[in-house]
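Q: One letter stands for each residue in the lines below.
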Amino acid sequence: MTARDGSTVLRVEHLTMRFGGLVAVDDLSFEVQRGTITALIGPNGAGKTTVFNCITGFYRPTEGRLALQRGDPAVWQGLEALTDGGARGVVRPGGALFLLERMPDYLVAQQARVARTFQNIRLFAGMTVLENLLVAQHNPLMLASGYTVLGLLGLPPYAAAERAALDKARHWLERFNLLDRADDPAGELPYGAQRRLEIARAMCTDPVLLCLDEPAAGLNPRESAELNELLLIIRDECAISMLLIEHDMSVVMNISDHVVVLDYGVKIADGAPEAVRNDPKVIGAYLGVADEEVARVEAEVGL
Amino acid sequence: MGGMQPAGANIGTRLAEALRDAGRTALIALGLFLPLVGFETITDISNVLVLTTRWPLLFTLVGSIAAVRFIYLLVLAPRLERGALRLPPRASATAAGILRNWFIPFAVAFVIVYPALVVLAVGFGGAVRWIDNFGIQILIYVMLGWGLNIVVGLAGLLDLGYVAFYAVGAYSYALLAKTFGLSFWILLPLAGTLASFWGILLGFPVLRLRGDYLAIVTLAFGEIIRLILINWVPVTNGYAGIGSIPRPTLFGIPFTAADNGFAAVFGLEFSPLYRVLFLYYVILALALVTCFFNVRLRRLPIGRAWEALREDEIACRSLGINTTNTKLTAFAMGAMFAGFAGSFFAARQGFISPESFTFLESATILSIVVLGGMGSQIGVAIAAVVMIGGTEIMRQLGFLKQIFGPTFDPTQYRMLLFGLAMVAIMRWRPRGLIATRAPSVFLKQRRDISVDLVAEGRG
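Residue numbers (our numbering), protein chains in the order written: chain A, 1 to 303; chain B, 1 to 459.
Chain A on its own, in the form it takes in the complex (with noise of 0.2 Å):
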């Protein structure tokens, strides 16, 4: 699998959630293309963490279809006959495609493989960094431990797959330069360290796509660009797509490839980081407008 064939990995397509009476995300449609960054932002309420909760699993929506792809792009033609029947996605030897909003949180995850971090970083705060990255490869590991049965009995099948699972744990925790803190719990390491710790987890669950609310909240100018850096290499490394919800705007026009500007639920912007950068709508709902151009809107929205 290339890194980058221009294929879709997530199609959001008319994403609508409503609670009672307050319109959260209206008519959202927008994709992400397979290994590149995708960013979504907008002012605080606009819904993007909604956004997220919508593609994780967390919400269902209240309308619009979330199509995940992974594997060989051929089996999106198959995408209206899956609409039309029942199932929560097919699999094929080649690739697989699944519908998200189908699907409770837990299979998003295991299933569809998409990963995700959260805003407030959700770890385990009383278990260790290593324990933390095992929990995340707790499906793996429970197939090879003959669903408890033969881990039990202590076989030899479950313990090459421990073997292999803290391997792979020490891989991300060097990657993201943890090791020395592996037997420390969670709860102790520092902020920025805590926030790495969120992404390794995810990335040991060997995600197609990787969801990332507000990864750089709370670093300092130094650890967001180390950031940065992380985030691009596993983009260009591990062929994996991201969906990021940023405020700071160093993370979002240094790393992002395609950026989506939401407003009060709405699309406002769509396009390379340069373009959206400089759309006056977008400039709009961050700053508010020109006091020139005052009447003008005004005149607009009927005051």
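Keep in mind the hints are simulated off the structure, nothing from the lab. Just to be clear, a hint being listed does not mean it is correct.
FRET-style restraints, in silico, Cβ to Cβ [as the list claims (entries may be wrong)]:
1. A/23 with B/424: 54 to 60 Å
2. A/43 with B/296: 48 to 54 Å
3. A/157 with B/442: 19 to 25 Å
4. A/43 with B/360: 53 to 59 Å
Glycine is no exception: its CB is placed at the ideal position from the N, C-alpha and C atoms.
Using the hints provided, position chain B relative to the given structure of chain A.
A: Below, chain B without anything else, positioned relative to chain A:
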């Protein structure tokens, strides 16, 4: 208040303050004890209720309470505030390390030779009481504590109805053994299976509940099982209970005085001690199996998933862990060990009734787990020894009657002492005796985790 003032500078103010406070305490005590202690109703010879007063007793009580308060404020409180009596903060971590290194082998060796020590100490005749009341009774609760530890300590699901599974195990054994004449060794796994089935049955409705709500529903479940046992008279015989339950045999050799009994077969003089010894080693083996399972499960993916569930359920789901199944296996596993313990209990007693499965039992088991330190194997075992051993020792303190008079019954003070012990533990060791968590896996060095970081679980 007093601690903020420079020490010694104004002893006078401190004295006055302590006096005032002691006076207030005396007033409160007077108000409380006047109706409770001050007045007494007794039936006189002509069967009429007469109100009498007990002023001396009342005033001694109130006076001593005020005196204790006064001394506490004047002497003890300033010292406490200066931190003189505070425990060293890192003591627990090293203590746990020492425990692991030499305490466990010593403890296991001790429980194996315990019956021999008892026989040596008190002779053949008196040994039955010591092995049965202390050994077997404590080991049953150690096993129950370890079983509940899976649900409460590892998975963080507060279960107040654990005794229900103990009851299911006991009644399964009693009914199946009496009806079908099956042996203890066949029914033991069967009782465990049935109990874990009930564990899953309880698990389903409570999956969405967390914290207090979960506790309430499990409490209700425990009561439902007990009420069924009371009211389903055709099957369970209600309050009267089930008697003459078949006793376990050693490969078909019963422990009776008959010609084919254990003593006769091995050419020994009959003694009830043999059966007690046999039961002791059976429950010891069962408890060790429970312990082995617990230790092993913690290092397997399922055990880590339980602990992760206790720490953060949403993060678990984001990592692809099926939290429904994980919770249900925790309930099922915990219930299974209660089922084993229950069937052993029925086989040992030979008689069971709903009286043995009240909420108090659930509370005892839960307090063993909480006092021991949630998730800690050693802590739970120590707490069981203290709690159950303490109860039994209270029964053995008959000699106190010679000091306090013939009406003094030490067992009546059991709950009072437990209450005090629990308040003390919650004051100084709020997270239990063993307040560290040992990681299940490590790269370079195993370092214990202070429980301040470990979540208690919200269901």
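Q: Has the hinted range 19 to 25 Å been met by the Cβ atoms of residue 157 of chain A and residue 442 of chain B?
A: holds, 22 Å
Q: Taking 48 to 54 Å as the stated bounds, is the beta-carbon spacing between residue 43 of chain A and residue 296 of chain B within them?
A: holds, 52 Å
Q: CB of residue 23 of chain A to CB of residue 424 of chain B, is that within 54 to 60 Å?
A: Check passed, 56 Å falls within 54 to 60 Å.
Q: So the hint says 53 to 59 Å: do the beta-carbon atoms of residue 43 of chain A and residue 360 of chain B match that?
A: holds, 58 Å
Violation of the numbered hints given earlier is absent; every hint is satisfied by the structure.
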